[in-house]
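Colleague: What follows is the residue order along each chain.
2 protein chains.
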Amino acid sequence: MSTFPPLKNNLLLRAARGLHTERTPVWMMRQAGRYLPEYRALRAEDAFFDVVRTPELAAEVTLQPLERFPLDAAIIFSDILVVPQVMGLTVEMIKGKGPHFPDPLRSPQDLKRLRTPDIKSDLGYVLEALTLTRHRLDGRAPLIGFVGAPWTLMAYMIEGGGSKTFSKAKTWLFGLPEAAHALLGQITDVLCQFLSAQIEAGAQTVQVFDSWAGLLSPAVFQAFALPYLNRIAFYLQENHPEVPRIVFAKGAHYALPALAATDFDVIGLDWTMDPRKARRLVGAQAALQGNLDPSTLYAAPEQIHDAVHEMLDAFGPVGHIANLGHGMHPDHDPEHARAFVEAVQGYSHAFASVS
Amino acid sequence: MSTFPPLKNNLLLRAARGLHTERTPVWMMRQAGRYLPEYRALRAEDAFFDVVRTPELAAEVTLQPLERFPLDAAIIFSDILVVPQVMGLTVEMIKGKGPHFPDPLRSPQDLKRLRTPDIKSDLGYVLEALTLTRHRLDGRAPLIGFVGAPWTLMAYMIEGGGSKTFSKAKTWLFGLPEAAHALLGQITDVLCQFLSAQIEAGAQTVQVFDSWAGLLSPAVFQAFALPYLNRIAFYLQENHPEVPRIVFAKGAHYALPALAATDFDVIGLDWTMDPRKARRLVGAQAALQGNLDPSTLYAAPEQIHDAVHEMLDAFGPVGHIANLGHGMHPDHDPEHARAFVEAVQGYSHAFASVS
Chain A
1 MSTFPPLKNN LLLRAARGLH TERTPVWMMR QAGRYLPEYR ALRAEDAFFD VVRTPELAAE
61 VTLQPLERFP LDAAIIFSDI LVVPQVMGLT VEMIKGKGPH FPDPLRSPQD LKRLRTPDIK
121 SDLGYVLEAL TLTRHRLDGR APLIGFVGAP WTLMAYMIEG GGSKTFSKAK TWLFGLPEAA
181 HALLGQITDV LCQFLSAQIE AGAQTVQVFD SWAGLLSPAV FQAFALPYLN RIAFYLQENH
241 PEVPRIVFAK GAHYALPALA ATDFDVIGLD WTMDPRKARR LVGAQAALQG NLDPSTLYAA
301 PEQIHDAVHE MLDAFGPVGH IANLGHGMHP DHDPEHARAF VEAVQGYSHA FASVS
Chain B
1 MSTFPPLKNN LLLRAARGLH TERTPVWMMR QAGRYLPEYR ALRAEDAFFD VVRTPELAAE
61 VTLQPLERFP LDAAIIFSDI LVVPQVMGLT VEMIKGKGPH FPDPLRSPQD LKRLRTPDIK
121 SDLGYVLEAL TLTRHRLDGR APLIGFVGAP WTLMAYMIEG GGSKTFSKAK TWLFGLPEAA
181 HALLGQITDV LCQFLSAQIE AGAQTVQVFD SWAGLLSPAV FQAFALPYLN RIAFYLQENH
241 PEVPRIVFAK GAHYALPALA ATDFDVIGLD WTMDPRKARR LVGAQAALQG NLDPSTLYAA
301 PEQIHDAVHE MLDAFGPVGH IANLGHGMHP DHDPEHARAF VEAVQGYSHA FASVS
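Those protein sequences? They're chains A and B, same order as listed. Residue 1 is where the first sequence starts when you use this note's numbering, and the numbers rise one by one after that. Residue 1 is where the second sequence starts when you use this note's numbering, and the numbers rise one by one after that.
Quick caveat, the hints were computed from the structure, so don't treat them as lab data. Careful: at least some of the hints might be erroneous.
Pairs involving identical chains hold if they fit within one copy or between any two copies, as the list cannot separate such chains.
[Stated by the list, open to error] Simulated crosslink set (EDC-like; lysine to aspartate or glutamate; CA at most 16 Å straight-line):
1) K168 / E310
2) K8 / D110
3) K95 / E38
4) K168 / D331
5) K120 / D138
6) K168 / D333
7) K164 / D331
8) K8 / E22
9) K95 / D46
10) K97 / D263
11) K120 / D333
12) K95 / E335
13) K164 / E310
14) K120 / D103
Keep in mind it's a predicted model, so treat the numbers as computed, not measured.
Could you put the whole structure together from the sequences, leaning on the hints where they help?
Modeller: Written as structure tokens, this is what we have:
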């Protein structure tokens, strides 16, 4: 790791630890993606998973938003579904429809079809992309690695794609709890290894995306999601205590105190959470990340500035990583993303100096 | 109204007022629908909106679940999108895809296309269906009328159908707030008239469905959803004080205290809300309705019973209307719906007598 260029901007890493920063760090979920013309140009030639699997292209796409905006983090361009792939399931990305598993897990019998991947070879392309990107970043900002959370990956592996209710996956939680726990445990083992390898390859912080946490009741989250998130955070704390850990459980408003009690350092919030209330619930146990409604970027730049100022006031200057409450939309205007980044950096700079 | 048969089961109306009941009343959102073979048989011959528009068929479908299960309420079979239809927009129901507006509102200019409906003639079929059903119910249980909330209807009218993000509709909230308020006000006027007419036609309680409230941040809900919900509740309180008013703002976990302060008598909860916490937040200001995760009905009947008992314990015996946290799914087993109803009625009966 000592061969990587020195980090010149550690705002995000310090904010993640709850340390004072001269301004609030900012990045955007899906900051590399279809809203950028340079991304669409590159994707005109290559299929989604081809970009993901080609370290040179993945690094290029990862850096695209940093060439445009003075972002305080890069997040490696990849997909949470590379894990189900290396566990033995086929995943296709269908244009305009999202991910599709032609042969998902249909019954507990199908657990036998899953294999234990060799992370270094099977997911070597992600690791190479991280190392390459870390070099190319040249210390401009820290590099974020990521995975999908066990419940979210399980949901896709059983449902076979996106869904309003994820009924098939939930049938396992309610009707086949032992098989569900077996699957979640197996996924968790892979995620611990994969995150560890991402850190060794160059990730300076990692985020776990529990995109479908909002489909669970508090009791079901407690039983089927939280224990595995806990295991991941604990494993990383034991093995890479220097690397901050971020969790983003979208829609899991009910789980904030429980997540604050885990070994995650940062809790991502979606835009339905009131930042002041979140701060009261979490206290000094964790930093917070988020949470502007991405749809705010449809407003004019002046209105984006106003909304960002309100958000920054609500979170306060310490232990906050500014972000959207979910990813950029494909039809967002890049100049409105710029307004978001500039509003955070301009306002929080003044704000930190008076506080 | 004096010509209707006397009501023999007023459990729901009393629970809605926070009065003591000998057991907890129970009904299910989408209790009339595709999970029932008798519904699918009827729908094999008639298109969705044909059933809605034919009082005889709508009444028949409304009563189907009450012929099977000892439910404590009937809800008129209709659709929230009949209101955009009578305001001048075409709405089609596309099999397997849901509602589709071939010509949605594309810009504030399009507001001119909207007309002020004559409720009694344009929506006479809903009113007739209510009167017919109320007679056929013969006092077995109260009859619920309903509408979609202003924000939810606006979302469909601009988006033109279902959507993950409702980006187009949210663009109005963030970028065209005056047009948004004009549209919301116009919808609200129609809803007040329509609910009033439903009550005059036989509805004994009414529910407002804000199905897409969960897409809004607390501040945006406060600005664009709550004032119009407030107006509806206030109008009904002024004009029909004897009729309990239910609001179900799905996903609006952040709005519970605000909704409790409106003139709604009952607040519906989705399954992500902890009933004890909801009770603490709402106090005696409103009764609560909900909130078993519909996916629980994929479990075996014994497990459904256990989950229902936990839910009833959490809500307590007073001021609770048992329901799912959202609608029945088309692939649910009717016998599991029966297990839900029986579990509520059996357990709450014993429970009320000891408390």
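Colleague: The structure should be examined with respect to each hint, and the outcome stated for every one.
Modeller: Hint by hint, here is what the structure shows:
In this assembly of identical chains, K168 and E310 lie within 16 Å of each other by CA distance neither inside one copy nor across copies; the values are 41 Å within and 24 Å between. Taking identical chains as interchangeable, the C-alpha atoms of K8 and D110 are never at most 16 Å apart, the minima being 48 Å within one chain and 52 Å between chains. Taking the shortest Cα distances, K95 and E38 never come within 16 Å of each other, neither inside one copy (18 Å) nor across copies (38 Å). Taking identical chains as interchangeable, the C-alpha atoms of K168 and D331 lie at most 16 Å apart only when they sit on different chains, with a minimum of 10 Å there against 31 Å within one chain.
In the homo-oligomer, the alpha carbons of K120 and D138 never lie at most 16 Å apart, since the shortest distance is 24 Å inside one protomer and 70 Å across protomers. Proximity of K168 and D333 under a CA criterion of 16 Å is satisfied inter-copy only: 14 Å between copies versus 37 Å inside one chain copy. Taking CA atoms no more than 16 Å apart as the test, K164 paired with D331 passes between copies only; the shortest distance there is 14 Å, against 22 Å inside one copy. Taking CA atoms no more than 16 Å apart as the test, K8 paired with E22 passes inside one copy only; the shortest distance there is 14 Å, against 69 Å between copies.
When the C-alpha separation of K95 and D46 is checked against a cutoff of 16 Å, the pair qualifies only within one copy, where the shortest distance is 12 Å, while the shortest distance between copies is 34 Å. Taking the shortest Cα distances, K97 and D263 never come within 16 Å of each other, neither inside one copy (35 Å) nor across copies (42 Å). In this homomeric assembly, K120 and D333 never come within 16 Å of each other (Cα to Cα): the closest approach is 38 Å inside a single copy and 46 Å across copies. For the homomeric pair K95 and E335, neither the shortest alpha-carbon distance inside one copy (25 Å) nor that between copies (39 Å) is at most 16 Å.
Proximity of K164 and E310 under a CA criterion of 16 Å is satisfied in neither setting, with 32 Å inside one chain copy and 26 Å between copies. For the identical chains of this complex, K120 and D103 are neighbours neither inside a copy (25 Å) nor across copies (52 Å), given an alpha-carbon limit of 16 Å.
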